[in-house]
Structures are given as C-alpha cells and as structure tokens.
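S.K.: Numbering (the UniProt record's numbering), first residue to last: 1 to 179.
It is possible that part of the hints are untrue.
Unchecked claim - Calculated lysine-lysine pairs in the PhoX-like style (CA-CA distance at most 20 Å, straight line):
| hint | residue 1 | residue 2 |
| --- | --- | --- |
| 1 | Lys174 | Lys43 |
| 2 | Lys174 | Lys164 |
| 3 | Lys43 | Lys53 |
As the list claims (entries may be wrong) - The following label-pair restraints were derived from C-beta to C-beta distances:
| hint | residue 1 | residue 2 | range |
| --- | --- | --- | --- |
| 4 | Thr161 | Gly20 | 16 to 26 Å |
| 5 | Trp171 | Asp55 | 18 to 28 Å |
| 6 | Glu168 | Asp55 | 37 to 47 Å |
| 7 | Pro108 | Asp149 | 17 to 27 Å |
| 8 | Glu172 | Asp112 | 14 to 24 Å |
| 9 | Ile116 | Lys53 | 33 to 43 Å |
| 10 | Pro31 | Lys53 | 34 to 44 Å |
| 11 | Pro108 | Leu78 | 30 to 40 Å |
| 12 | Lys164 | Val3 | 20 to 30 Å |
| 13 | Glu81 | Val163 | 31 to 41 Å |
| 14 | Glu172 | Leu78 | 37 to 47 Å |
Worth flagging that the hints you see were computed from the coordinates, not collected in a lab. For each residue, glycine too, the CB sits at the ideal point set by N, CA and C.
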Amino acid sequence: MGVTPTHVLLQAGVGAMAGGVLGYLVDVYSPQNLHSIIVEPDKADCIYRSGVKGDIVNVGGDMATIMAGLACGEPNPLGWEILRNCATQFISCQDSVAALGMRVLGNPYGNDPRIISGESGAVGLGVLAAVHYHPQRQSLMEKLALNKDAVVLVISTEGDTDVKHYREVVWEGKHAVAP
Numbered sequence: 001m002g003v004t005p006t007h008v009l010l011q012a013g014v015g016a017m018a019g020g021v022l023g024y025l026v027d028v029y030s031p032q033n034l035h036s037i038i039v040e041p042d043k044a045d046c047i048y049r050s051g052v053k054g055d056i057v058n059v060g061g062d063m064a065t066i067m068a069g070l071a072c073g074e075p076n077p078l079g080w081e082i083l084r085n086c087a088t089q090f091i092s093c094q095d096s097v098a099a100l101g102m103r104v105l106g107n108p109y110g111n112d113p114r115i116i117s118g119e120s121g122a123v124g125l126g127v128l129a130a131v132h133y134h135p136q137r138q139s140l141m142e143k144l145a146l147n148k149d150a151v152v153l154v155i156s157t158e159g160d161t162d163v164k165h166y167r168e169v170v171w172e173g174k175h176a177v178a179p
C-alpha cells in the first residue's frame, strides 16, 4: 500500500472475510496501531449483536436489505473469534448508508478514480460519508477515533451486480436519506 492505515472498515455478513482480513492486518500492523470497524446491515446484524453481547448471536427473520451479500444472520465461528478479539467497534447501519457509499464512489471528487461498487462493497465508505455529512459530525468522528491524520482503508468486495438497481441508486437517488 505504501501508507500505513490507522483505520479499517470491513463489511461483514457471516464475518469470514472481515475476520480473515482483520487477522492479517492485525498481524502486520498490531491491534494497538489499527482502529478496526466492522459494518453490516441493520436488518442482518448478527456480528454487531454478537459484538454487543460478546458471544455469537444469530439473527432470523426477513433480513430485507439492499446489501444482499451481507444478509446472512449467522456468524462464522472462526471469523467471529478473530472479530471478537481484534475488532475495535461494530456498526449496524441502514440501507441508505450503503447507497450513499455507492453514490460517492461512483461520482469521484477531482482526480479521484470512479469506482463502481455494489451495495455490500460500498457500505464502509458509506459510513465515512454519513459521518462526514451528519449534524453531529465531530462527536461521531471522536467515537470512531477519526482525525486529520487518519488513514482509512476500505475494501469493496463487489461491483455492479444488478445494473438496474445500481442505476436507480447512483443515478436516481434511490435509498437516499430523507432531509
């Protein structure tokens, strides 16, 4: 990478990808030097609930979310062990956060590259953008230990898997946060 991250936001469904990536990053950078945030949809937030409880929690029901790749409901026991021991924070978020991430990635600022990301892949950046635009921005940034020196790593795990829905979100503003 060339730059050492201070923060990483990883999306979780069952937690296997997040656990594997976080395990590697903690080995390379140490948990004391990396603020790790695990993000998932509020309709399927088994990892978030497990983080709150400190033990595996399964989530049932409809799990109707645009983040279909993260709508799992049952943590992977191996991934959960790493997340429980190494993750700094867990966040459960609405679909509008993933949609915001898709729009930001699809409409770059200045010379930044355009990134076509699907819902599950864009939720990490969506969290950062939602914090940036939130009326309580400063308080939220403090809770996430974000400051002007933060170097944040996010990983998009999917592209445009549903062309029609991608266009509805990015071009037409579907799932936008109501003013």
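S.K.: So, for every hint listed, does it hold in this structure?
M.R.: Now for the hints, and whether the structure bears them out:
1. Lys174 with Lys43: Answer holds: lysine 174 to lysine 43 is near 18 Å, not above 20 Å.
2. Lys174 with Lys164: holds, 11 Å
3. Lys43 with Lys53: Distance ~17 Å between lysine 43 and lysine 53 Cα, so the pair holds.
4. Thr161 with Gly20: 16 to 26 Å: Cβ of threonine 161 to Cβ of glycine 20: about 21 Å, so the range 16 to 26 Å holds.
5. Trp171 with Asp55: 18 to 28 Å: Violated, at about 43 Å.
6. Glu168 with Asp55: 37 to 47 Å: holds, 38 Å
7. Pro108 with Asp149: 17 to 27 Å: holds, 23 Å
8. Glu172 with Asp112: 14 to 24 Å: holds, 22 Å
9. Ile116 with Lys53: 33 to 43 Å: Distance hint for isoleucine 116, lysine 53 holds at roughly 36 Å.
10. Pro31 with Lys53: 34 to 44 Å: Because 21 Å falls outside the window, the suggested range is violated.
11. Pro108 with Leu78: 30 to 40 Å: Cβ of proline 108 to Cβ of leucine 78: about 36 Å, so the range 30 to 40 Å holds.
12. Lys164 with Val3: 20 to 30 Å: Given about 37 Å between the Cβ atoms, the range is violated.
13. Glu81 with Val163: 31 to 41 Å: holds, 38 Å
14. Glu172 with Leu78: 37 to 47 Å: Given a distance of about 40 Å, which is inside 37 to 47 Å, the answer is holds.
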